Amino acid sequence: MPVAVFLSAALMLGIIRFISKPDHRYVIRGIDVSAHTGSISWEKLKDQRVYFAFVKASEGATLKDKNFQDNVNGARAAGIPVGAYHFFNFNRDGLTQANNFLSTIGRQKYNLPLVVDVEEWGNNIRRSRSQIIADLREFVSKVEKNRYQKIIIYTNEDCYKLYIQDVFPDNDIWICSFNHKPKLNREWTFWQYEHNGRLKGVKGKVDFNVFRGSMLEWRQYIEDGR
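Per this note's numbering, the sequence shown starts with residue 21, numbered consecutively.
Simulated from the structure, these hints should not be mistaken for lab results. This structure is a prediction, so every number in the text was calculated from the model and none was measured. In this text, a Cβ means the ideal position worked out from N, Cα and C, and glycines have one as well. Hints may contain errors.
To be verified - In silico EDC-like cross-links for lysine to aspartate or glutamate, where the CA-CA straight-line distance does not exceed 16 Å:
#	residue 1	residue 2
1	203	178
2	203	177
3	170	192
4	201	164
5	181	140
6	223	90
7	201	214
8	220	63
9	129	158
10	181	139
11	203	192
12	225	214
13	129	244
14	170	244
15	170	243
16	170	190
17	220	67
18	223	63
19	129	243
20	84	67
21	165	190
22	162	113
23	225	192
24	181	192
25	181	207
Stated by the list, open to error - Taking CB as the label site, the calculated pair distances span:
#	residue 1	residue 2	range
26	69	127	27 to 37 Å
27	148	96	19 to 29 Å
28	145	44	13 to 23 Å
29	234	82	35 to 45 Å
30	82	167	35 to 45 Å
31	236	111	39 to 49 Å
32	146	67	26 to 36 Å
33	167	223	40 to 50 Å
34	234	167	22 to 32 Å
35	169	147	26 to 36 Å
36	146	234	40 to 50 Å
37	63	190	28 to 38 Å
Just need the whole structure built from these sequences, with the hints factored in.
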């Protein structure tokens with residue numbers, strides 16, 4: 021198969037998978053991106069019915085995503101509701117990470133709640149579960165007190181059981197599950213179902229997500245500002 025034809029087919033497969041969704045009940049589709057995603061044409065994403073975007077702001081104690089503000093500005097200009105997330109480093113203290121996140125996002129307002137990404141992938145764990153939970157509590161507390169709102173916790177099923185379910189009962193959950201519908205002991209709010217998606221206007225791979233709710237519920241979620 022010619023390379024151009026193959027790439028075109030692969031791109032179309034990703035777009036079809038995005039449009040079809042993992043479950044027809046979830047009509048609100050969105051993405052999450054970072055500097056690794058590459059250049060993004062946000063207007064083209066809006067044309068493909070992308071309803072929301074979570075943008076990486078920071079990681080650990082010092083890293084700031086170089087494309088963060090450009091992505092936020094691009095999403096806003098296209099009229100796509102946007103939120104910001106921090107990748108939590110299991111080996112750094114929670115307060116320092118919270119300060120890094122807050123200094124990166126500044127005082128600007130976001131349509132979606134702020135997010136902390138809690139996963140073992142990308143973390144070389146050198147600390148105990150209790151230490152990690154203590155730092156995560158510190159991070160969440162600092163950010164919520166600073167922004168006067170509950171934050172979302174992104175995680176997978178394993179990390180949810182280890183660090184989240186008995187510790188943060190009141191936070192919305194954004195769950196990662198690629199091979200099956202999420203199985204948790206409470207309802208999730210967002211579901212990341214694809215890690216290698218492709219969309220027109222995006223240079224790299226994109227994560228696909230859905231919101232658990234109807235169009236009316238989505239509009240109310242945005243209105244509430246959570």
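Now for the hints, and whether the structure bears them out:
Between residue 203 and residue 178 the CA atoms are separated by roughly 11 Å; this keeps the pair inside 16 Å, and the hint holds. For the suggested pair residue 203 and residue 177, the alpha carbons sit about 7 Å apart, so the restraint of at most 16 Å is met. Distance check on the hinted pair: residue 170 and residue 192 sit about 8 Å apart at the alpha-carbon level, within 16 Å; holds. Taking the CA atoms of residue 201 and residue 164, the gap is near 29 Å; set against the 16 Å cutoff, the hint is violated.
For a cut-off of 16 Å, the pair hint linking residue 181 to residue 140 stands: about 12 Å separates their Cα positions. Restraint check for residue 223 and residue 90: the C-alpha separation of about 15 Å stays at or below 16 Å, so the hint holds. For the hint pairing residue 201 with residue 214, the CA-to-CA distance comes to about 12 Å; that is within 16 Å, so the pair holds. Distance hint between residue 220 and residue 63 is fulfilled; the C-alpha atoms sit about 10 Å from each other, no more than 16 Å.
At roughly 22 Å between alpha-carbon atoms, residue 129 and residue 158 are farther apart than 16 Å, so this suggested pair is violated. Among the hinted pairs, residue 181 with residue 139 is consistent with the structure: their alpha-carbon atoms are about 11 Å apart, no more than 16 Å. With a C-alpha separation of about 15 Å, the suggested pair residue 203 and residue 192 falls inside the 16 Å cut-off, and the hint holds. In summary, the hint linking residue 225 to residue 214 is supported, as the alpha carbons are separated by about 10 Å, within the 16 Å threshold.
For the proposed pair residue 129 and residue 244, the alpha carbon gap of about 13 Å is at most 16 Å, so the pair holds. For a cut-off of 16 Å, the pair hint linking residue 170 to residue 244 stands: about 12 Å separates their Cα positions. Between residue 170 and residue 243 the alpha-carbon distance is near 15 Å, which keeps this suggested pair within the 16 Å criterion. Under the criterion of a C-alpha separation no larger than 16 Å, the hint pairing residue 170 with residue 190 is consistent with the structure, at around 8 Å.
Annotation: proposed proximity of residue 220 to residue 67 holds, straight-line Cα distance about 10 Å (limit 16 Å). Between residue 223 and residue 63, the direct Cα distance comes to roughly 14 Å. Compliance with the 16 Å bound is thereby established for this hinted pair. The straight-line distance between the Cα atoms of residue 129 and residue 243 is roughly 13 Å, inside the 16 Å bound, and the hint therefore holds. With a C-alpha separation of about 29 Å, the suggested pairing of residue 84 with residue 67 is violated against the 16 Å cut-off.
At most 16 Å may separate the alpha-carbon atoms for a hinted pair to count; residue 165 and residue 190 meet this at roughly 15 Å. Straight-line distance between C-alpha atoms of residue 162 and residue 113 comes to about 12 Å, which keeps the hinted pair within the 16 Å bound. Annotation: proposed proximity of residue 225 to residue 192 is violated, straight-line Cα distance about 26 Å (limit 16 Å). Among the hinted pairs, residue 181 with residue 192 is consistent with the structure: their alpha-carbon atoms are about 15 Å apart, no more than 16 Å.
For the hint linking residue 181 to residue 207, the alpha-carbon distance of about 14 Å falls within 16 Å, and the restraint holds. A hinted range of 27 to 37 Å holds for the C-beta pair residue 69 and residue 127, which are about 31 Å apart. In this structure, residue 148 and residue 96 break the distance hint of 19 to 29 Å, their C-beta atoms being roughly 41 Å apart. A beta carbon spacing of about 38 Å between residue 145 and residue 44 contradicts the range 13 to 23 Å that was offered as a hint.
Under the hint 35 to 45 Å, the C-beta atoms of residue 234 and residue 82, about 41 Å apart, fit the expected range. In this structure the hint that residue 82 and residue 167 lie 35 to 45 Å apart at CB is violated, the actual value being about 21 Å. A hinted range of 39 to 49 Å for the beta carbons of residue 236 and residue 111 is consistent with their spacing of about 43 Å. In this structure the supplied range 26 to 36 Å is violated for residue 146 paired with residue 67, their Cβ-Cβ distance being about 45 Å.
At roughly 31 Å, the beta carbons of residue 167 and residue 223 sit outside the given window of 40 to 50 Å. A hinted range of 22 to 32 Å holds for the C-beta pair residue 234 and residue 167, which are about 27 Å apart. Under the hint 26 to 36 Å, the C-beta atoms of residue 169 and residue 147, about 28 Å apart, fit the expected range. For residue 146 and residue 234, the Cβ-Cβ distance of about 44 Å falls inside the hinted range of 40 to 50 Å, so the restraint holds.
For the pair residue 63 and residue 190, the beta carbons lie near 37 Å from each other, so the given range of 28 to 38 Å is met.
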